[in-house]
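Novice: Next come the chains, spelled out residue by residue.
Number of protein chains: 2
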Amino acid sequence: MFEARFQSFDDRTEPAAAPRRVARLRAELKHRGLDGFIVPRADRQQNEYVPPSEERLAWLAGFSGSAGVAIVLADRAVLFVDGRYTLQVREQVDTALFVIEHLIERPPEAWIEANLPAGAKLGYDPWLHTVENAEKLAKACAAAGASLVPAEPNPIDAVWTDRPPPPLGAVALHDLRFAGEDAAAKLARIRAELAKARADALVVSDAHAVAWTFNIRGADVAHTPLPLAFAIVPKDERPALYVDGRKLANAVRDRLEQLADVREPSALDGDLAALAAAGRTVRLDQGTAADALARIVREAGGKIKRGADPIALMKAVKNAVEIDGARAAHRRDGAAVARFLAWLDREAPRGTLTEIDAVAALESFRRDTGLLKDVSFPTIAGAGPNGAIVHYRVTRASNRRINAGELFLIDSGAQYEDGTTDITRTVAVGTPSAEMRERFTRVLKGHIAIATARYPDGTTGAQLDTLARQYLWAAGLDFDHGTGHGVGSYLSVHEGPARISKLGTTALRRGMILSNEPGYYRTGAYGIRIENLVLVIAAPAVAGAEKELNAFETLTLAPIDRRLVALDLLTPEEARWLDAYHARVAASLAPLADETTRAWLEAATRPLE
Amino acid sequence: MFEARFQSFDDRTEPAAAPRRVARLRAELKHRGLDGFIVPRADRQQNEYVPPSEERLAWLAGFSGSAGVAIVLADRAVLFVDGRYTLQVREQVDTALFVIEHLIERPPEAWIEANLPAGAKLGYDPWLHTVENAEKLAKACAAAGASLVPAEPNPIDAVWTDRPPPPLGAVALHDLRFAGEDAAAKLARIRAELAKARADALVVSDAHAVAWTFNIRGADVAHTPLPLAFAIVPKDERPALYVDGRKLANAVRDRLEQLADVREPSALDGDLAALAAAGRTVRLDQGTAADALARIVREAGGKIKRGADPIALMKAVKNAVEIDGARAAHRRDGAAVARFLAWLDREAPRGTLTEIDAVAALESFRRDTGLLKDVSFPTIAGAGPNGAIVHYRVTRASNRRINAGELFLIDSGAQYEDGTTDITRTVAVGTPSAEMRERFTRVLKGHIAIATARYPDGTTGAQLDTLARQYLWAAGLDFDHGTGHGVGSYLSVHEGPARISKLGTTALRRGMILSNEPGYYRTGAYGIRIENLVLVIAAPAVAGAEKELNAFETLTLAPIDRRLVALDLLTPEEARWLDAYHARVAASLAPLADETTRAWLEAATRPLE
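So the protein lines, in turn, are chains A and B.
For my numbering, count along the first sequence from 1 and bump the result up by 22.
For my numbering, count along the second sequence from 1 and bump the result up by 22.
Worth flagging that the hints you see were computed from the coordinates, not collected in a lab.
Incorrect hints may appear among the rest.
What the hints assert, rightly or not - Simulated pairs of lysine to aspartate or glutamate, EDC-like, Cα-Cα distance not exceeding 16 Å: (1) B:569 to A:502; (2) A:208 to A:258; (3) B:143 to B:131; (4) B:524 to A:479; (5) B:208 to B:197; (6) A:143 to A:131; (7) A:524 to B:479; (8) B:569 to A:500; (9) A:569 to B:479; (10) B:143 to B:57; (11) B:395 to B:440; (12) B:143 to B:174; (13) A:208 to A:174; (14) A:569 to B:502; (15) B:161 to B:197; (16) B:158 to B:174; (17) A:143 to A:174; (18) B:327 to B:215.
Produce the entire structure from the sequences given, and follow the hints as far as they go.
Specialist: Printed below as a string of C-alpha cells:
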C-alpha cells in the first residue's frame, strides 16, 4: 500500500498529563502573584499552523484542535472551543478539570465578565494576543472589577520542562521564476503604500507577508513553507529582517543582506522601541500584530496607526509569473488527482479501502510528480457519515472503510514551488441514491454559478456568495461555511484578505486566486463538496458594456463525478459548462496520464448525454 | 386636465436673497464670537421630510435638495451636496458665494480638517446633528487645531425674520383596525427590550417610532403622516409624550393620557436631565438622537447607552392587521394605477402629454378612490432622458413632453390609512427600440429573481441584492442604487432597518415590507425601473427542507409593460411568473375597474406568447 509522509493519523496530545500540568501552572501563577492565566492556541504571529514549541494549549489541556482558548484560575479552569470541536474536545479533555464552553456563542470575554472575581489579576502573554483581542479582554476584566496584566515570560514556558525548541527550518530563496517580482520592487511598492497611509514604518508581523516581501520560503511549520520571521520596513530607511541566523545558509544571507539588515529576533523589541522613541508613526497590522508590539511602541512614546497590512492585498493579487505558475501547478496536480480518482474507481468496489488508504495513495501520487514540497493541509477524507463532518481529519481511531452505496469526499491540496493547490471531489462508490444525486447537482449548480459569474470591477465576495447557495436554498438546504477563501502562491492555502462569503468585504481584484467550494452535508449520512480554485480575470468583452467586468478562470483540473449529476436539474447552459470543463480537463491531463488513467479519464470526461 | 393637490412643480427657494442672508448670519456669528457655523439640511429628529420652519439650508443658500450641508466662515462659505444634486445646485446657488463640494467624496469633516484655521471656533446646533455626526465634526475641528462649539439657539433663527412657525398638524388616532396592536401592548414590548438591553429608559427620538408606539398619525411634514413629537419610555415608570398641545383635540388627548403623561416639547430637556440626575442609564438611538440629547444626559450625570432604537425593528415587522391593510391598499392603489396606465396608453400617442400632466392624472385617479391621504413622495415622472435621472422631480422648468419612441418612467406612491404604497412602471410610448426591450428584460429578470427568491430565515438584504443585478452584470451593466428599501404602514415610504442592498445587514423577517426595484439608466436617453412592494412570508413548504425558508409575496398589483419584454431572453419559469402575476393583477383589479380600463387591463395582462 501507499504511505503518507507529510501527514500523520495519530493524535499527538497527552490528555492524561493535564491534571499535573494544570497544577504546575497554578503553582507558577501563585508564585507570580496572578489569580489566573489565559492560554490561546496561538503563536506570536497568529499563524494558522504553529510549531510544536507554541502548542501550549495542547500541552496543557490535551486538546489538539486548531482553535481554542483556556482560562485557568486557582480553583477552576475553562476551555473554549468552536462548533467544529465540540465532539472532539469531550474525547480529548478531562471535563472534571476543564469546563467546556462555546468559543463563539460564549466567548472568553463574556465568561470573564460574568465569572472573574472582583480584584482578580488575570495574566496574559501580550505576544500571543492581537491588540484588539487584548483590548477586549482588558475591557471584560474591568467590567468584572478585575484587571488584565501582562505575564512575561509566558508562565507555561516556566513549567513546560520538555518544551521543544523553536523550529530552525532552513530559509530558501523563492526564485524569481516563481515569484515574478524581485524583493526590491516589492519593497518600493510597500514604501509607496506607507507614504499614502502617512506612516513612518511598517511592522511586518505576518510571517507570510515577510516571506512574500523578501521572496523567501521556510520550513518552520507544517504544510505552509513559512519562515517564522518579522520585519520592519521604514518609509525612507533600510528595512530590517528579524530571523534566527541558524536558518540562513551563506548564500541566502548574502542575498537578504542586499535588501535589509538581517537581525536576530531578540533585537526586534529594542529596534522598535528606538524607532518609537524617535517619535515615528508605526503602522501595525490589526490582524496579526501582537499586543506586545503595540506596548513597545506606546511605552517608547511612538504613535501607532492600526490598519490592514498593505502587503496582504499586494500578496493576494498574483502577478503574471505567479499566475502561469499556478496554471502549471494545477495541471500537474490535476494529473495526480486524476490518477488517484482512477485508482479509487478501480479499488473501492472491492470494499477493502479505508480513508487512510485513500489519503496515502493521493499523497503518494502527488509525490510521484517529483515536485511536491508538502501537502497544503491535512487531507480531509470522509467516507459516508464522516464526509458530513466539515473539518474532519482522519485518525487511526476514526478511520472508516469506504463502502459501496456511500459517497466519499476528499479535500486535499499540494505545495509546489510554482503554486499551491486545493481541490475537493465527491465520488460515488457503488450506486448513489436519487437524493444524493439531487443534492450533488444543486451543489454543482451553485459551483457553476460562481464559475460563470460576470461582475463589475469592485464587486466583493459577499456580493457573489449567494450565487453559490441559491439552488440549495430553493430546496430548504444550505451549507454552513463560506463559499471560498483566498489561496497563496507557494504559501498559505488560506490567504486573506478576499473571500467569497457574506463576510467578504474586500473587492475581488484581477489576479486573486480563490476557492469555489459550495457543499451540502447531511449529518450522519454523507457530505458533498465540489471545490476548484478560480482566478479573477477580466471578463471577455461584451458589446455595449458600460462597466469593467470581471470573471473567474477555473484553475483546477480534474473530473467532477458525472455519475452524481442529475441531468434533468441542469439548464442547457450548465450542462454545456460541465462538458466544456471536462473537455478542457481531458485535453490538459491526458498527455500527463499513464495508459490506465487515460482510459479512465476519457470515460470520466465524456459529455453528459 | 387633472390637478395635483399634494405636490407642486415649483422651485420654492429664493437664491437671490442668499448674499444678504449670508451677510446677516455672518454678523450674528461675529456678535456671538463664532468664526463659523455649520448648517445641515436636518431637523431635530433627522426626518426625511422637514417642515418649512426647519428649511434653514434652503433659506440661507437657496438650495432645495433633500440633502446637503453648508459651512459659513467669515470670509468664505462652502456647500456640500451629493451626486444627485451636482447639476441642480449650480442652477440654484450663487457659486461666487458658495464653493460647491461633494458631500460623499469630500465630506465636511475632510474639508474642516484641511481648511478650518487653527484656533477657530466653529458653531453647530446640537439639536440638528446626531451624536456620531457631532463627534466626527469635533474630531475634524481638533485635527485642524480648532474647536466645535454648541450654538444655541440656532444663529440662523436669530436672523431669519420671516421664519414660518413650526407646524401644528392635528394629531389623529391611528385606529386599531389599521394598527392591529394597541399602544399598551407595544409599550410592554418596548419595556421588555429595554430590560434586555439593560437600560432604564429609552428616548424615542425618531418621530416615526413615536407615531407607531402611540398609534397616532400627524400632519406636520409633507407626504408622511408624521406628528413631530418625542417620547421617553422608562423601563418601569409611566412614559411621557412630548407634543405641542395645540395639535391635540380633546378626545385624542384623553386617549393619550391613558397611556402617558402628555407634556410640552419644551419640557423634554428638563425631564431628561432629571432622569439622568437620578443616575439612570438612558438608551439613545444612534440613527436619530440629537447630540443635544446626549449632552443633556451627560451634563446631568446620567449614563448613555447608544444603539439601534428597538422600536425600528418592531415597527418594520408588520402584524396581521397591517398586512391585510397593505393588501387592501395595494389592490385599491393598483386599480388607480391601472386606470392611469390605460389613460396614458390612450392619450400619449397624441404627443401632447407632459410629465406634469401624467403626475396630475395619476394623483387625481388616486384621489378618486376617496381614501387618499397624501402621495407618499413627490412623483418621479421622467420622459426620455429625464427617466435616466434617478431622483428626478419634475418642475415647470424641467417639464418635458412625452414623445413617441421614448420610454416613460413613473415612480409614485400613496398614503392610505391601511397602507403606504410605492410603485414604478416603465412604459413604452410608440415603438421601443430593440436595446430598450433587451435592457428592460434584464431588469425584469432581476425583479423576478427577487420576487421568486427562497432564502433561509436570517438571510439579510445584502445576501439577496446580487440576484437583482446578475443579468445586468452579465451584459456589463448595473444600476447605481439599492434594490429595495423598507416601507412603513401609513408611515414613511422609506423605513429602516432592513433593505435589499449591499449595505443591508439586517436579517429579513416575516412581516417586513420592502420594495423590489431594480433599474437601468442610460444617461441622456432613457430610464427603466420596475418596482413592486413585497412582503416577507414563510415560503411554501418544500419536502426535505432542513431550514426555515422565507420568500416574498408581491403586494403591488399593476401590469408590467408586455411590449417591452424580449420573450427570447426569459426562461420558461420567468415567463410563467409574469403570466401568473398578470393573471393575479387582472383578477384583482378588474372588479374595481371602469369599462375602458377593464378592456385595457385584459389586453395588458394576457399571457406572453
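Novice: Each hint: holds or not?
Specialist: Structure-based check of each hint:
With a C-alpha separation of about 12 Å, the suggested pairing of residue 569 (chain B) with residue 502 (chain A) holds against the 16 Å cut-off. At most 16 Å may separate the alpha-carbon atoms for a hinted pair to count; residue 208 (chain A) and residue 258 (chain A) meet this at roughly 14 Å. The hinted pair formed by residue 143 (chain B) and residue 131 (chain B) meets the criterion: a straight-line CA distance of about 15 Å does not exceed 16 Å. For the suggested pair residue 524 (chain B) and residue 479 (chain A), the alpha carbons sit about 15 Å apart, so the restraint of at most 16 Å is met.
Proximity of residue 208 (chain B) to residue 197 (chain B) is assessed by CA-CA distance (about 14 Å); at most 16 Å being required, the pair is judged to hold. This hinted pair checks out: residue 143 (chain A) and residue 131 (chain A) have alpha carbons roughly 15 Å apart, not beyond 16 Å. In summary, the hint linking residue 524 (chain A) to residue 479 (chain B) is supported, as the alpha carbons are separated by about 15 Å, within the 16 Å threshold. Using a Cα cut-off of 16 Å, the hinted pair residue 569 (chain B) and residue 500 (chain A) holds, with the two alpha carbons roughly 8 Å apart.
Pair hint residue 569 (chain A) plus residue 479 (chain B) does not hold up; C-alpha atoms about 33 Å apart against a cutoff of 16 Å. Annotation: proposed proximity of residue 143 (chain B) to residue 57 (chain B) holds, straight-line Cα distance about 5 Å (limit 16 Å). Under the criterion of a C-alpha separation no larger than 16 Å, the hint pairing residue 395 (chain B) with residue 440 (chain B) is consistent with the structure, at around 10 Å. Between residue 143 (chain B) and residue 174 (chain B) the alpha-carbon distance is near 14 Å, which keeps this suggested pair within the 16 Å criterion.
Restraint check for residue 208 (chain A) and residue 174 (chain A): not satisfied, since their Cα atoms lie roughly 35 Å apart, outside the 16 Å limit. Taking the CA atoms of residue 569 (chain A) and residue 502 (chain B), the gap is near 12 Å; set against the 16 Å cutoff, the hint holds. Our distance criterion of 16 Å between C-alpha atoms is broken by residue 161 (chain B) and residue 197 (chain B), whose separation comes to about 46 Å. Proposed proximity of residue 158 (chain B) and residue 174 (chain B) is contradicted: the alpha carbons are some 19 Å apart, above 16 Å.
Our distance criterion of 16 Å between C-alpha atoms is met by residue 143 (chain A) and residue 174 (chain A), whose separation comes to about 14 Å. Distance check on the hinted pair: residue 327 (chain B) and residue 215 (chain B) sit about 13 Å apart at the alpha-carbon level, within 16 Å; holds.
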